[in-house]
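S.K.: Please arrange chain P on chain U, whose structure you already have, making use of the hints.
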Amino acid sequence: MMKMNNIYKIALVGLLTISGACTTGDLEPSTEQNKPVEGGIATVGNLEGVLKGAYSRMTGSGYYGRDYIVTNEVRTDNCFSNGNSGRFTTQASFTYDANTGYFWDDAYRVIASANIIIGQDISVLTGDLDYAAHLQGQAYAMRALAHFDLVKQYGQQHAGGTLGVPYVTEFKGDDLFPARNTVEENKANIYADLEMAFQLMQDAYFDDSREFMSKYSAKALESRVAVYFEDWNRAVSASEAVINSGLYSILPANSYVSSWSSTGNANSIFELAFNPADNLGSNSLGFIYKTGIDANGDPIGSYGDVQVIDEVIDIFDDADVRKDILGYEGTLLRNLGKYPNLQGFDNVVLIRYEEVILNYAEALFETGGDALTEINKIATNRGLPAYASVTKDIILDERRKELMFEGFRFDDLMRTGMDIEKYSLQQNFAATIPYGDFRLAFPVPTAELNANSNMVQNDGY
Amino acid sequence: MGYATATKEEVTGSTVQLKAEAIEQVPVASVDQVLQGQVAGLVFNNTSGTPGSATDIRIRGISSITAGNEPLYVIDGVPVVNSDVNSTTSGSSLSPLASINSANIESITVLKDASATAAYGARGSNGVIVITTKSGRSGKTTFNFSSSYGFANDATSGPDPLTAAEREELFYESLFNTFGASNGFSREQAQAFYEANVGSFGSDYLNWNAAGRPEANWEEVITNKNAPVQEVNFSASGGTEDYNFFTSLGYFGQEATVIGSDFERITGQLNFSKKFSDRLKFTTNNSGSYSYQDGLLETSAYFSSPRSVKYFMPGLDQPYNDDGTINLQTTLPNPLWIAQEDIDDSKFTRILSNNALEWDIPVEGLRFTSRVNIDWQVYNYKRYRNRISGDGASDNGYGWQAHSNRVNYVFQNALDYRLNLTDDHLIDFKLLQEYQENKYYYLEADAIAFGDDGLTNLSSAGTPTTASSFFNDWKVGSYLALAHYSGFDGRYVLDATYRREGNSRFSDENRWGDFWSVGGAWNLHKMNFLYGNDAITNLKLRGSYGVTGNANIGLNQYQALLGYDSDYAGSGASYPQTFGNSDLTWETAKSFDVGLELGLFRNRITANVGYYRRESQDLLLDVPLSLTTGFTSQTQNIGRMENKGFEVEANFQIVNSEKFNLSIGGNMATNENEVLELALDPNGVERTITTTTTRIESGQPVRAWYMPTWAGVDPATGDELWYVDGEGSATTSNFNDANQVYQGGSALPTITAGMNFHVDFAGFFLDANGYYAGGHKVYEEWHRYTNATDRFSTQFYQGIDAVLDRWQEPGDTGTRFGKFEYTARPWQRHSKFLYDGDFLRLKNLTFGYNFNPSFLEATGITGARVFVRGTNVLTWVKDDNLQYDPETPADGFTALTTPPVKSWIFGINVKF
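In order, the protein sequence lines correspond to chains U and P.
Using our numbering, the letters of the first sequence map in sequence onto residues 1 to 461.
Using our numbering, the letters of the second sequence map in sequence onto residues 1 to 912.
With the rest of the complex left out, here is chain U:
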């Protein structure tokens, strides 16, 4: 009996010892939410997932979800920051420094995702390989757009220099410490990527939701880039390609205001998707552009830092439907009509047909073409009478009114060599910022400079 007992004990000890032992393999961690990058993309569907991830990165509040658009409005004659929550006062007063966060990191994250797609050998994937090429086309267009946005904000072209930004074309490539390319090099790379995008994308995959880029999104972007760099002939041909596709149309006056709370409108060439389940909430455009008024007329309490300068209402003709985008909360002039949902449920349109028409009009004006017809397509669809003649100022004014609050104004002032004029007490900066001032190029973030000694800071920071 005693012996049996001992055998039982020894068996128990043996069992317990085994339960405590382990090998290297036993220590393998679970990865239930993740897949390795290596081998994680095996199908065209996987590739599309990464592409959606890249779009999702564009929707972040640091980039097109809010900051990029707002920063380009509060530094102009359109808007200022009333500092209600302490947001955007730094940008609006041009007092940013290398520690002020902006979208450098956000844009390069989009580029990293795009480069995974571009660098993928699609011939090894299972699925519709034509569609895979179409996805790669979108990634090229996205990479061009992100670099274009970067060079506009961080490049030295309006601050007396020639340096642009590093043009990154590989995910985890050989050069992890890139130096800055010149603005000219950036421009060439952007055009090349847009041409590649146009070539790879196919008409058959036109996306009616407009939440994904299509073939002519690349051409529309090209017209935007060409106008920015004053490559007028390229702007004409790119715009014409979009117009001749027949896929898009100018919204009529009666649906202009309502279009901002609906999706996939006829004028939309590309828009970022937001909805009640996927939105930025308190970090959205809606939350920063207004305070929100409840049924009793009391403020709801959103941030509402970004206010419209009082004088801006005067540039609109009473018959102009675009005036209805603006409105008052109490005595404060606001953007009430664009991105109207307070929680950011609305899609953010990045490229719309009216911009292409305006690009086209301006490029025609510069090259001696029929700009008047084009500008009147805008004016007459906004409740205004047709212009009898056209000047550059008329085109730029129409552009300001049409694209107000959408993040175009700062770039338009820059590319036309204008000062940032101090004309209202409300503007956060004290005196006119002359064209060429160092503050017109954003500082490269400190984190980049600390990690990468090949990086050069812009002058003045």
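For the record, the hints were derived by calculation from the structure and aren't laboratory data.
Careful, some of the hints might be misleading.
Claimed, not checked - Think about it this way: if two alpha-carbon atoms lie no more than 25 Å apart in a straight line, the pair counts; the simulated DMTMM-like pairs of lysine to aspartate or glutamate are: (1) U:LYS422 <-> P:ASP719; (2) U:LYS35 <-> P:ASP622; (3) P:LYS439 <-> U:GLU32; (4) U:LYS422 <-> U:ASP278; (5) U:LYS35 <-> P:GLU686; (6) U:LYS35 <-> P:ASP719; (7) U:LYS35 <-> P:ASP737; (8) U:LYS35 <-> P:ASP583; (9) U:LYS172 <-> P:ASP719; (10) U:LYS35 <-> P:GLU437; (11) U:LYS172 <-> P:GLU444; (12) U:LYS35 <-> P:ASP508; (13) U:LYS172 <-> P:ASP565; (14) U:LYS172 <-> P:ASP508; (15) U:LYS35 <-> P:ASP567; (16) U:LYS172 <-> P:ASP618; (17) P:LYS439 <-> U:ASP317; (18) U:LYS172 <-> P:ASP567; (19) U:LYS172 <-> P:ASP583; (20) U:LYS422 <-> P:ASP737.
None of the values given here were measured: they were computed from a predicted structure.
M.R.: This is chain P only, laid out in the frame that chain U set:
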């Protein structure tokens, strides 16, 4: 001591032990709070005074830059998980230790050097805190009842906000300074200028004057004065030769010193031990607890946090309407309404079951022990934001609920063998095998648009917005061999430890690490030349050297992974989440420790002096990457860092008699931290890690304060000035021209000390102990809002009264603030807001009476005590400008969290 037990003479390492008596008297939610001031070299930081909050403990400095610096916690021989259980980073933290009843603890031992921690080798770099729960004692069953009740208030009141009248005056002054010259009005006419231009400047002051200038005191509104603290414990202990038990039931409740927050805990413990035979013994220690924390949004300056309201809400806004209802038209959400309507509840259930079987194998000196420990943690979080006012108003109500559970298993098998070479030479061997696995599951959902007021569960919400779940795990396997030699009548003691440990945080080629230590002690008082010396009771020289490790980094960092917690246009999306590094392996630390322990006159006087040096290498460092890679950093094994210092402890029993005892004691420790090496980029340039206030660079302490140096106020213009390149260089009024420079020191104290005093006479006793930390600097956060000389303090938010010391007219010299202007400046962090962190705090003061057992005999009571205890009664702060509580979180930034509390507790303890 966890794996092994040893008498004091036999210890070769640096350890400090706290016994039950010192622990159980302190009514705290989280038991680690009793360690402050008691252990030389232990730096204690409160993250918040909200009851149940996590604390930051650092032992002998900071050993790692990116990997964790938290010590390893061991309960009844088993390493446990001690990370914040709260699933929200915005709300109050909740420490797993808050689930442990301090009345059930027999001892807490802090292990500081390699010899002591090497048994836990792989994870012992940051020190080890060993908690042992009470076990039963054979004999007649004894009962212990204790109860205490008291009141708590903030230990420090913090800066005083401006009154509405002061704020108004400063506002007019800012208008005069900005527009007076250009618009042609005098200082006296500034109010008239304002009233003529309310369209541009807002009508706040106009309305306030019209209403008769009512002054609100928001500090009073948000304060829960004399917040009650209550604790009740009942325990029983007993047994026979065959078995013994300890069982207890406890309740702890504490209201926060701010409105709308409290903490409650119910605990039960059953420790049971039974001998099945002479050779087989079974022990089981089980505790169960349920904690409830009604928390706050407090980790940042959230507008709906009552602490933010105290400093951000102007006195112009009234808490109540004229009819007595809560005013909802306030600049920030009214905290009275938020406390009443919103919910931030954490519910935490924890069951710890530790079961051991000991078998004295029928071989002389050999024993086998097998232990299984289960730590089961279930956590529920509920957040609700009401529909009417506050953060949920724009959503028409917002709800969020999270559920998580964590299961942590430990299996241990150990063989102990005692080899008796002769009676004078003894070697103890231990072989141990351990496997630990942690599984964590998390589920959350949120929703908006609630159907009606007062309905706070997600089923009442119209629009679901998020549903998410995830699972992760980590695993640790290890083998330990330990030998302990004691010989020549205990004159010489030697320890050697070897541990091999594998961790799932590293790739399969780099998973295992080897750790070891050697230690020795020489008990000089047993040597012939001191033998028979009456004065010297104890004299021991000890030293140790060893290699310990740290693997405290995020999970799956070695793998280059795609993340899928993203979506676009209604479908799932993926993105590159981690850069990956398959070379990743253990961070190691080489620790050297030497000490001398002295006991004089039968240990009436004891002292010990020690020196340590710990060099961490192959740091698990988040090396900054160029942001153009799409990542911010990659975890690499690179860099070295050093911590060194002296530690002294001394105790004097001045009077030691039956009726009267008097003793004083104290400890002091220094710490010098220096980064020795960091990653380089291809040009050979060090990749420093720099923020607006700190920099990590070799040759400096880690996160040394690094910011522009303030140069005062220009007496002629009233502009704030800064040195272009640190003190002594040219000054500038353009902040962007002022370069960041080192300010000397970091947030880590270089000197800490504890002091204690005890006296008892005829049953009465008085205990006091204090804590000092110094040599570090702390930074006043949120000064852009509270210390602004612009619209932030006069129009948007609320300043503190420090800003009244400002420049007003040419010739004003020596003011701490420049002129007020009608503008809104960006964050400008500089040395004006960096203060000496030195402080001294009387942590505990206890006065009580022990009833003489002989008087109680007739009642059947064997012991009784009554006491009154004060906590954080007095605080001295070196720097007058440091108005917030000097106990900041470990990062050295003052926070708008609840400060530590000053409490007075009345208690009674009866044994029968």
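S.K.: For the pair supplied as a hint, LYS172 of chain U and ASP508 of chain P, confirm whether the alpha-carbon distance does not exceed 25 Å.
M.R.: Distance of about 23 Å is within 25 Å: holds.
S.K.: Given the proposed pairing of LYS35 of chain U with ASP567 of chain P, does the C-alpha separation stay at or below 25 Å?
M.R.: 16 Å, holds
S.K.: Given the proposed pairing of LYS172 of chain U with ASP567 of chain P, does the C-alpha separation stay at or below 25 Å?
M.R.: 23 Å, holds
S.K.: Taking 25 Å as the top limit, are the C-alpha atoms of LYS422 of chain U and ASP719 of chain P close enough?
M.R.: 23 Å, holds
S.K.: Taking only the CA atoms, is the gap from LYS172 of chain U to ASP583 of chain P under or equal to 25 Å?
M.R.: Holds, because 16 Å separates the two Cα atoms, which is no more than 25 Å.
S.K.: Holds or violated: are the alpha carbons of LYS35 of chain U and ASP719 of chain P at most 25 Å from each other?
M.R.: 56 Å, violated
S.K.: LYS172 of chain U and ASP719 of chain P: Cα distance at most 25 Å?
M.R.: The given pair, whose Cα atoms are some 48 Å apart, is violated under the 25 Å limit.
S.K.: With a cut-off of 25 Å on the C-alpha distance, tell me whether LYS35 of chain U and GLU686 of chain P pass.
M.R.: Outside the cut-off at roughly 33 Å; violated.
S.K.: Is the hinted pair LYS439 of chain P and GLU32 of chain U satisfied, with a Cα-Cα distance of at most 25 Å?
M.R.: 12 Å, holds
S.K.: Need the status of pair LYS172 of chain U, ASP565 of chain P: alpha-carbon distance at most 25 Å?
M.R.: 22 Å, holds
S.K.: Check the hint pairing LYS172 of chain U with GLU444 of chain P against an upper bound of 25 Å on the C-alpha distance.
M.R.: Not OK: LYS172 of chain U and GLU444 of chain P at ~34 Å, beyond 25 Å, violated.
S.K.: Measure nothing beyond the straight line between the CA atoms of LYS35 of chain U and ASP737 of chain P; if it is 25 Å or shorter, mark the hint as holding.
M.R.: Violated, at roughly 47 Å.
Hints 4, 5, 6, 7, 9, 11, 17, counting from the list given before, are not met by this structure.
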